[in-house]
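Top to bottom, those sequences are chains B and V.
Residues in the first sequence are numbered consecutively from 939, following this note's numbering.
Residues in the second sequence are numbered consecutively from -14, following this note's numbering.
Simulated from the structure, these hints should not be mistaken for laboratory data.
Errors might be hidden in some of the hints.
[Claimed, not checked] The calculated label-pair distances, taken between Cβ atoms and stated as ranges, are:
id : chain 1 : residue 1 : chain 2 : residue 2 : range
1  : B       : 1147      : V       : 106       : 38 to 48 Å
2  : V       : 1         : B       : 1069      : 52 to 62 Å
3  : B       : 1141      : V       : 48        : 47 to 57 Å
4  : B       : 977       : V       : 106       : 25 to 35 Å
5  : B       : 971       : V       : 54        : 35 to 45 Å
6  : B       : 986       : V       : 150       : 20 to 30 Å
7  : V       : 6         : B       : 1109      : 19 to 29 Å
[Stated by the list, open to error] Far from chain V, by Cβ distances over 10 Å, these chain B residues were calculated:
id : residue
8  : 971
9  : 990
10 : 1007
11 : 1062
12 : 1081
13 : 1109
14 : 1113
15 : 1114
16 : 1116
17 : 1124
18 : 1132
19 : 1145
Just so you know, even glycine gets a beta-carbon here, dropped at the ideal spot from N, CA and C.
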Amino acid sequence: MNVKQNDHMENEVTPESSDTYRKTGFISKDKKRITNLDLIYSTTIGVLGGIISSLIPFSLIIKVWYPFLGGTQLVSGHHVIWASIIYGLTKKKTNIIITMVTKGLLEFLFGDPWGLLILFVNLMEALFLAGGFWLMERLGEGETKLGWAIAGGLGNFFQAPFFWIINQRWYLHWTLWVLAFIFAFISGILIVGLLGRAIKNSLIKAGVPTTF
Amino acid sequence: METRNFYILVTSVLIGVIIFWLMVIAFTELNIDPFEDPNKITIEGDGTSISVSLSVSELISGKYDLVEDKTYHIKNRYDTEYDIIYSGISLWSIIEVENLIIHPSSELEFRFYGRDGYTSPKFLNLSIAEINPDLVILAYEENGVPLLGEGPLRSIMDQSVMPPDEYSSQYSVQKLYLIIINIV
């Protein structure tokens, strides 16, 4: 017993190499742990997204050239871009959910016609985006443009069928259904994935601290 | 070019081609001109003497009867009833001022068409609009706010003028661009 204790003490006093040391501060914690900076980023960006999603009618841009229902899906990615930016800065999927829930709450408080359902929609988008990033990381595309594009596409896609089914738009021509879903996916690719990645890179280059 | 990039390019081109043809089918099947002025509405059909196209600014110029801030009772097919305040132009006053019909209204029927491909479920007898000129309107404002996403015009019919088993919400056609008036 004594021998073992002595061995243990000896190991602590004389490290094997100069790189072995005890980490202190927040980096000593589990890397998945949410930091204050994560929460500040998530809520700030969530509030920003909530205000912009509620008050700025981006869909009007599309109606100039595409009058049919479903065309506005081409700009629908702006609702989810905040979640991809936050993931780029923090690399934590929990932050995607915090950001989108914050955004959903803001939209609800701004009087979204969907009421509390908008919170569920935001949560759904967050889960699918997180799932998209998880899948891309497993496929080795976690940091590539392709990976971000597909993850963004998946994140933005599933709200479209959800809304169209809830709205019972059965009366619309089948091409409008297919086009709306394709537009939703493309918007996810371009706005959530590629634009989100570009903004994330610019923010990091500008010196915004990351938490991963 | 790397094989991976080649595949991405091929997939993108393929999706582009699919979208192009789907849009061609949508535009031709729904018979909508994408370059048409969205601020205009056309009234035509075999029940009208002429086809007339009017812009929103012409409609609200005072030439036709305006109905301002009137509460409309709407009912949907789930039997949910609610009230909304609309401002708009009386459909009957447009027909009267433009001298659009030569037959009695009871021998004519009308239907609303939206630019998004939606049409009101059935043709309704035009006498409804004649008897209730304030309750069948082309709305341009909802609660004092111009109809942006749903407009610029939306057909509105009060539930009190609807035939039995018809719901006013289904005749509230957003992005209204065409009204067909036919002989019954």
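Quick rundown of the hints versus the structure:
About 58 Å separates the C-beta atoms of residue 1147(B) and residue 106(V), a value inconsistent with the hinted range of 38 to 48 Å. At roughly 27 Å, the beta-carbon separation of residue 1(V) and residue 1069(B) lies outside the given 52 to 62 Å, and the hint is violated. Residue 1141(B) and residue 48(V) have their C-beta atoms about 55 Å apart, which keeps the hinted 47 to 57 Å range intact. For the pair residue 977(B) and residue 106(V), the supplied restraint of 25 to 35 Å is violated, since their beta-carbon distance comes to about 51 Å.
Between residue 971(B) and residue 54(V) the beta carbon distance is about 56 Å. The supplied range of 35 to 45 Å is therefore violated. Distance hint check for residue 986(B) and residue 150(V): the Cβ-Cβ separation is about 48 Å, which falls outside the suggested range of 20 to 30 Å. Residue 6(V) and residue 1109(B) have their C-beta atoms about 22 Å apart, which keeps the hinted 19 to 29 Å range intact. The Cβ of residue 971(B) lies farther than 10 Å from every Cβ of chain V, with a closest approach of about 36 Å, so its non-interface assignment holds.
Once the 10 Å rule is applied to beta carbons, residue 990(B) is consistent with being away from chain V; the minimum gap is 16 Å. Not every beta carbon of chain V lies more than 10 Å from that of residue 1007(B), the smallest distance being close to 4 Å; the non-interface claim is violated. The non-interface label for residue 1062(B) is consistent with chain V: the shortest C-beta to C-beta separation is roughly 23 Å, beyond 10 Å. Every beta carbon of chain V lies more than 10 Å from that of residue 1081(B), the smallest distance being close to 15 Å; the non-interface claim holds.
The beta carbon of residue 1109(B) is not kept farther than 10 Å from every beta carbon of chain V, the shortest such distance being approximately 6 Å. Not every CB of chain V is more than 10 Å from the CB of residue 1113(B) (nearest about 4 Å), against its label as outside the interface. Not every Cβ of chain V is farther than 10 Å from the Cβ of residue 1114(B); the closest lies at roughly 6 Å, contradicting the non-interface assignment. A beta-carbon of chain V is positioned within 10 Å of the beta-carbon of residue 1116(B); the least distance is around 6 Å.
The claim that residue 1124(B) lies off the interface is violated: its Cβ sits roughly 7 Å from the closest Cβ of chain V, which falls inside the 10 Å cut-off. Under the 10 Å C-beta cut-off, the non-interface status given to residue 1132(B) relative to chain V holds; the minimum distance is some 12 Å. No beta-carbon of chain V comes within 10 Å of the beta-carbon of residue 1145(B); the shortest separation is about 32 Å.
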